[in-house]
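Engineer: So the chains spell out like this:
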Amino acid sequence: MAAKTLAERILSDRLGREVRADEYIVSPVDVVLLQDGTGPLAVRVFRELGKRVPVNPKRTVLFLDHAAPSPRQELSNDHRLLREFAGETGCQLCDIGVGVCHQVICESYVRPGDVLIGADSHSCTAGALGAFATGMGSTDVAVGMALGETWLRVPRSIRVQAIGKLPVGVSAKDVVLHLIGLLGAEGATYRALEFAGPVVEALEVDDRMTLANMAVEAGAKTGLVASDEKTRHFLECYGRAEGWKPVAPDAGGAYEQTISIDVSRLAPTVSLPHSVDNTATVEEVGEVPIDQVVLGSCTNGRLTDLRIAADILRGHRLHPRVRLIVVPASRRVYLEALRQGILGELVELGAAVVTPGCGPCVGVHAGALADGERCLATTNRNFKGRMGNPNAFVYLGSPAVAAATAIEGRIADPRKYLK
Amino acid sequence: MSDTLLRGRAHVLGDSISTDVIAPGRLFHLRSDLPELAKHLLEDVEPGFAQKVAPGDFLVAGRNFGLGSSREHAPTIIKLAGVSAVLAKSFARIFSRNAINLGLPVLECDTSGIREGNELEVDLETGVVRNLSRGSTVAFPSLPPVMRRILADGGLAAHVKKHGGFALEG
Chain A
3 MAAKTLAERI LSDRLGREVR ADEYIVSPVD VVLLQDGTGP LAVRVFRELG
53 KRVPVNPKRT VLFLDHAAPS PRQELSNDHR LLREFAGETG CQLCDIGVGV
103 CHQVICESYV RPGDVLIGAD SHSCTAGALG AFATGMGSTD VAVGMALGET
153 WLRVPRSIRV QAIGKLPVGV SAKDVVLHLI GLLGAEGATY RALEFAGPVV
203 EALEVDDRMT LANMAVEAGA KTGLVASDEK TRHFLECYGR AEGWKPVAPD
253 AGGAYEQTIS IDVSRLAPTV SLPHSVDNTA TVEEVGEVPI DQVVLGSCTN
303 GRLTDLRIAA DILRGHRLHP RVRLIVVPAS RRVYLEALRQ GILGELVELG
353 AAVVTPGCGP CVGVHAGALA DGERCLATTN RNFKGRMGNP NAFVYLGSPA
403 VAAATAIEGR IADPRKYLK
Chain B
77 MSDTLLRGRA HVLGDSISTD VIAPGRLFHL RSDLPELAKH LLEDVEPGFA
127 QKVAPGDFLV AGRNFGLGSS REHAPTIIKL AGVSAVLAKS FARIFSRNAI
177 NLGLPVLECD TSGIREGNEL EVDLETGVVR NLSRGSTVAF PSLPPVMRRI
227 LADGGLAAHV KKHGGFALEG
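Chains as they are written, first to last, in my numbering: chain A, 3 to 421; chain B, 77 to 246.
Any given hint could turn out to be false.
Covered stretches of chain B (in silico footprint by chain A; criterion: 3 or more residues with CB under 8 Å from a CB of chain A, positions within the stretch not fixed) [said to hold, decoys possible]:
hint, stretch
1, 88 to 99
2, 173 to 186
What follows is a set of in silico ranges between Cβ atoms, one per label pair, in the way DEER data are often shown [claimed, not checked]:
hint, chain 1, residue 1, chain 2, residue 2, range
3, B, PRO221, A, LYS60, 33 to 39 Å
4, B, VAL88, A, TYR192, 23 to 29 Å
5, B, LEU208, A, PRO248, 57 to 63 Å
Since the hints were derived computationally from the structure, they do not count as laboratory data. In this text, a Cβ means the ideal position worked out from N, Cα and C, and glycines have one as well.
Could you put the whole structure together from the sequences, leaning on the hints where they help?
Structural biologist: Right under this line is the structure:
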């Protein structure tokens, strides 16, 4: 048997036969994810297919997260459609406040070795647990619900080998932004990005999710990390240790490309408008005044992220120009950050904490920008119009950069606050 | 005109046209009213864009067309606006899969010689774009067989209904 990449390993195990890159397959689907922006269309297509109940309702999960709570009547009606569909079919409903789909799916649903399809491009996030997870449109997902399977081209893989030691003030977000800058926004189209090496092995799953989440920003079909002891620990924390199994690539698998990144040499990195691959270090960006800072989302809204920001902000004030919006990735993160006093500190500083969800990131509500404004966000996209206004400018960075920026009112280097 | 021969005018766009400008997030509430959303097609690139598209016209773009969100509403409103095919130097993965699922041809070809308003004829059978205004032709590679089958059946939902599941082999 030929040595396999992680993508080939997961899909071969799941199909019970050996599959190779470039092969077209029909794969079983273990977990299906829908959200309130794409779910209503998927439900309509599903019904058009003449189906009443999905093949696996227990693992078909509907999230009301993109417009949560609903800011207007049209979206309230969409929410009702999804609630009623869940009620009729036994599909799982994660109503407003539960959290961003990608976070909750990792906390509560997906297991290493699963195949997950999601009607959301950042569905690749669950690849951080060693699942083959990929984003698709509503029709593909409706068909996956109806048939319990999907067609895939087994992707070629790019191995990202992260070595060295993360400097103070540099995190997984900086690594992945740097990588996207190297690859370009279409550098990994149709490929799996396989994150490996001692740095990735040492990262907690929370941070691995940041890597996998942004794989699609280089065009990738999925971002994958092997399932190991860290993965087991993560599942244990959410009471799901029984779902753990190790999943790893073989030594000597066929990679289209291996990119080695010595993280010791990285600096805090940001993406400039209007493209994620338009990256620069904080030292290179010069003076960029910022009006709004968004800390949170499925990319960087986990406990570690909120704590890093709170630690930097402690003893400082928000810059008078800056609005700080905090979006915990899920209710569980929200509650734990409350218990630990992190959110209390942030609110006392002047932060507005909003319902766990996607509103500000995707420009639906809870943080749309005014004409000409600039925002530094820990989210994953900065395309024109992304945060609700085509005449505004979005910069992406880590939670540490977000915190330093909130203090200084301009894109700032967090390292001086960490000495 | 046969189903495989398309004719219309070119609307030329640049590189990296994201689904955030095709179907903006600030219009999220229109996703269950697609004819209304279609009126706003690409308006953040050019106000009034949808109004200048005539039935059968083509979108002609540069690299990585359709990057970003998986929102199928993006290719849906392109189709609803009357566009018969999208030509680009390259496409983002989810967008191209969505477009095929909806029966909207996405053709990867060298679009650099096509100018705004050029009259094009696209032969889906032979894989040729004829630029009638400039007297030039460019070829495009055929889609993978799986996608050709889905497109030939009129999209993925129609394919699944016709065959009772995936019939992608052979």
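Engineer: Could you work out which earlier hints the structure fails to respect and list their numbers in ascending sequence?
Structural biologist: none
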